[in-house]
Structures are given as structure tokens and as C-alpha cells.
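Protein chains: 2
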Amino acid sequence: MKKLRRSARLVDMTQYLLAHPHTLIPLTLFSEEYGSAKSSISEDLSIIKEAFESQGVGVLKTVAGAAGGVKYIPQVNQEHSKSFMATLIEQLAKPERVLPGGYLYMSDILGHPTTLAQIGKLFASAFADQDVEVVMTVETKGIPLAYATAAYLNVPVVIVRRDNKVTEGSVVSINYVSGSSKRIQTMSLARRALPEQSRVLIVDDFMKAGGTVRGMIDLLQEFRATVVGCGVMVETADVSERLVDEYISLAKLNEVDIKEKHIQIELGSYFQ
Amino acid sequence: MKKLRRSARLVDMTQYLLAHPHTLIPLTLFSEEYGSAKSSISEDLSIIKEAFESQGVGVLKTVAGAAGGVKYIPQVNQEHSKSFMATLIEQLAKPERVLPGGYLYMSDILGHPTTLAQIGKLFASAFADQDVEVVMTVETKGIPLAYATAAYLNVPVVIVRRDNKVTEGSVVSINYVSGSSKRIQTMSLARRALPEQSRVLIVDDFMKAGGTVRGMIDLLQEFRATVVGCGVMVETADVSERLVDEYISLAKLNEVDIKEKHIQIELGSYFQ
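Note that the protein sequences, when read in sequence, are chains A and B.
If you count by my numbering, then the first sequence holds residues 1 to 272, one letter each, in order.
If you count by my numbering, then the second sequence holds residues 1001 to 1272, one letter each, in order.
Just chain A, with the same shape it has in the complex:
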């Protein structure tokens, strides 16, 4: 046991809390670690709480009682998120992003850790009260986004594969119809990858008609899971029949003029 001064304790507790979001930490853990009275630890926590809230880092929830402690819940404020998304939308609207089929090139954005962390924190904030147990996505481009979200929720990621060549023991496969291309495709998940009756948040980078997300929802029924939410980064507006009802999007792609290379994109449903 080492005896630490308040200043050193504050630094250390801050980094510990940030590294353990959505985790109930008993005050005794800190008081034993630092050889400090619980009352001092409580004072430290109220300093951290105030700083986190004023900087938009998140909230500290205190749970009283013998089984109590403190929990860091990552939260972004709506204003910060809007200005972040406005910048992102500006980037997304660049003409060189137009891809065949009306898709957008987004791999650079989906590869950038600071951007991903912000989007992940946004999704984690939006679904903070849903008791998410697992974040699910389908390979490939949604994976970094799912991981970023899961890091802030402190839950595991499960990745659905787009083939059935998965060599991971017993596998559940379903066929689904890609809503936009109308082709029949397969997605698979190893039986052991997801405990039955999990509470699952679906995350993906792009949604047109929603066939892929619909496929994931159907696949989840095989695992008797509950879909507690669905977050997509970009949705397209020109969809005659959406295959998914409940989801949030961060951006909405209204029009892609492939010939003129003009992109019309705005804030998504999360901000309405």
C-alpha cells in the first residue's frame, strides 16, 4: 500500500475511471489502493465528477450502500456532437467520395481512431441506458465503429461473417436479401460467439434499405437475443421500403448525383 497525495490520486483515479466505463467501482478499491479514508476518496470523486461534467467527458454516478461505489458513464453533450457531426458531414460531402452504386468512400474516416472514438462515444451515449451486453456488426467496414462503441460501453463485440466458411465450430447461418441489390446473401455466426438471450446493440456504417441490419435481427432471433437498439453512421434517404423500423442515424444521405459528383447529406435522425 502506498500513501498518495490528493493530486496524484486525482490523476490516477481519472485514468482508472476512464479505462473502466460502465463499471461499478467500490470506493474501498480506491481507499485501499491509496491508503486514504473513504471521505477523502469521496471528495476526490466530486472534483472528478465536476470536471467530467463541465468538459463533456461524461457523468459519475454514485451508488450508495454496502454494495455501492462509483460508475463512469461516457456522455457527449448534444451541442458537441452536433458540431462534430457538422464537420464530418462536410468531409463526407466531398465530390471525390462518390462511388459506383451511390455509395460513399468512407474508409479513411472509418480508419481514423479519434473520429471513431467520437462516433463510438456518441452511440454509447445514445444507448447508455439500454443495458447493452453485446455490440454486434457484420464484417468489414462496420467493425472499427462497433469496437469503438463497445469500448465506451465496456461490452464485447460480436462480428457476423458474410460467408458460411466459418471454422468456429457449430455455426448459425441465415440467408437474407440485400434490400438494394435484391441479391440473396448469407451471414453466419458461431453458436458460441453469443450467449443466448443477450441484449444486443447493432452498429453499422451504412444503411440503404436495411437488408443487412434486417438480416442481423433475424439471425439474433436464432440466439433468442433482444435487440436493444441499432445505430448506423450514414443512412440513405431515397428508400421506398425500409426493412428496419427502429434505428438512429448520425447522417442522412439525401442525394448522390453520380454524374455531377454532387453529394447532398445532412444530420441524421439522432439529431431530429
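Hint data in this document are derived by calculation from the structure and do not stem from the laboratory.
Among the hints, erroneous ones may be present.
Stated by the list, open to error - In silico DSS-like links for lysine-lysine, alpha-carbon gap of 27 Å or less:
1. A:252 <-> A:94
2. A:38 <-> A:71
3. B:1049 <-> A:71
4. A:49 <-> B:1049
5. B:1038 <-> A:49
6. A:82 <-> A:252
7. A:61 <-> A:49
8. B:1049 <-> B:1082
9. B:1094 <-> B:1049
10. A:94 <-> A:82
11. B:1049 <-> A:38
12. A:141 <-> B:1094
13. B:1082 <-> B:1259
14. A:261 <-> A:182
15. B:1252 <-> B:1094
16. B:1038 <-> B:1071
17. A:49 <-> B:1071
18. B:1259 <-> B:1182
Given chain A's structure and the hints, the job is docking chain B onto it.
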């Protein structure tokens, strides 16, 4: 401008530094943000530095002069890493992980954000001095690992695809021979995904003969990139001819007895 007390500054600077690894932050940024003298900021930083070092969070490097500032370099100490890996190896050695072909089921481990963060920090520590500009991996299972590493290095991730159906504009594809199965396979990367002459760190979850990593190295030549390092989580020992010379592994799989479901695994080359 808000005037903050030392205690609040410490919390805020700690979270800011943790969110911006490998980034030179001018002291003026903090002194202006908090309305504090540079001398006070310097004192704050020495408190944070000491706490980070004693807790194994990382080091703070101070760069003097007009263009100077402070930089947080994530670092794990060898002892912590060894005990973390020892626990991981225990998990990996469980008989139910044996898969056909002598592979191991690792998706649960590769889906867990705390575990991934620790492995990512380990790789980021190992290659901290290599001026890494991009982390590269090939889909699918290595992606979370690459992202975790990139987050600590604060550089983008580039994902090589296993097919050539990539609709991302001009694409570079190569054929490579999977070292263990001897099958010819294809991997592709969009031309615009990687600037020429980048310094690239390759990260993957599993290496047998090294055909996949060799393929990535060959692909990188097309981009005139420099491979500054290669980190794999698990390598297998029973390889007659390794196709890659320089790499670090965190664990070495010596033997998988498929019939008896016995796994013999130990610390990898990084710890030798």
C-alpha cells in the same frame, strides 16, 4: 476562458493527454484553456508524469523551446505485460478452443475491449519509437486488434480486403500463397487508402507460415511503403519455412493435439 483550480486542471489535463497519445501539445494550449501561468501548468504536468510512470500508464515527454510542448507516450511495463499475457495464455490453453486445422478459437478474446486495449497498448509500446504512420491488417479477425493498437499510436488503420470486389475506385490486388494451405488467394487495397511511402506497422491475430503477412508486405511494395514492424498475437511453432523474418509475437503455440484437445502455448518472441 475559465479559471480552474489545480485539482480540476489535473483531472482535465489527464483525460486530455490520455485522449491524445503521441501528439505534441503546446503548453500554451493548457495555459490559455485554464487561464493559468505556464509555470503552474509545468508543475501540473510533473505531477501527472510521476503518476503515469508509477502506475505504468506511460511516459510524458517534454519538448523544450518555442515549438515545444508535452507528449504522452503510452507504455506498459514488461512485468505487467508478462502477467497479463500469462493470464491470457491460460485462457487460450483451454481444450474447447481447438479448431479444425490446428487453429484456436479466439473470437471471444478478440471481441473484448479491455483485453484488446491491453494488447493494443502492448504493441503500441513495442513500436513506439518507429514513427508509425499507419497500422495495417487484413480482414477479419485482426481488425479490432489493429484498431486498438492504432488508438494508442494515434494513427489511422488500413484494412486489406480478401477479395477484389472492392468498390472503392482504383484498387491494387496481389495474389499470394497461403503458407499453410498452399492455396492461391487474393488480397486488395484501394489506391487511395494509403498514401505512398507511408511507414506501416502490420498487425494480425494469428500467424502460421506467414503467407498472409508476406502478402501484405508484397502489397505494400506497390505503395512504396516502409514496413516498420509486424506484431502478431499468436504464432505457431511447427513451421518448417517461415515466410516472414522480422516480427514479434505475444504468444507461441507449440502444439495442438486435435485428438486429445491438448494445447501447448507459451510466451512469444516479444518476451524472450
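Taking the hints in turn, this is what the structure says about them:
1. A:252 <-> A:94: holds (15 Å)
2. A:38 <-> A:71: It holds: about 16 Å lies between the C-alpha atoms, which stays within 27 Å.
3. B:1049 <-> A:71: holds (25 Å)
4. A:49 <-> B:1049: holds (22 Å)
5. B:1038 <-> A:49: Measuring from Cα to Cα gives roughly 25 Å; hence the hint holds.
6. A:82 <-> A:252: holds (14 Å)
7. A:61 <-> A:49: holds (9 Å)
8. B:1049 <-> B:1082: Holds. Residue 1049 of chain B to residue 1082 of chain B sits at ~23 Å (cutoff 27 Å).
9. B:1094 <-> B:1049: Violated - the C-alpha atoms of residue 1049 of chain B and residue 1094 of chain B are around 40 Å apart, more than 27 Å.
10. A:94 <-> A:82: With Cα atoms ~19 Å apart, residue 94 of chain A and residue 82 of chain A stay inside 27 Å; holds.
11. B:1049 <-> A:38: Holds: residue 1049 of chain B and residue 38 of chain A sit about 25 Å apart, inside 27 Å.
12. A:141 <-> B:1094: violated (31 Å)
13. B:1082 <-> B:1259: Between residue 1082 of chain B and residue 1259 of chain B the Cα gap is close to 30 Å, so the pair fails against 27 Å, i.e. violated.
14. A:261 <-> A:182: Roughly 25 Å between the alpha carbons, so the hint for residue 261 of chain A and residue 182 of chain A holds.
15. B:1252 <-> B:1094: Since the Cα atoms of residue 1252 of chain B and residue 1094 of chain B sit roughly 15 Å apart, the hinted pair holds (cutoff 27 Å).
16. B:1038 <-> B:1071: Cα-Cα ~16 Å, so holds.
17. A:49 <-> B:1071: Between residue 49 of chain A and residue 1071 of chain B the Cα gap is close to 25 Å, so the pair holds against 27 Å.
18. B:1259 <-> B:1182: holds (24 Å)
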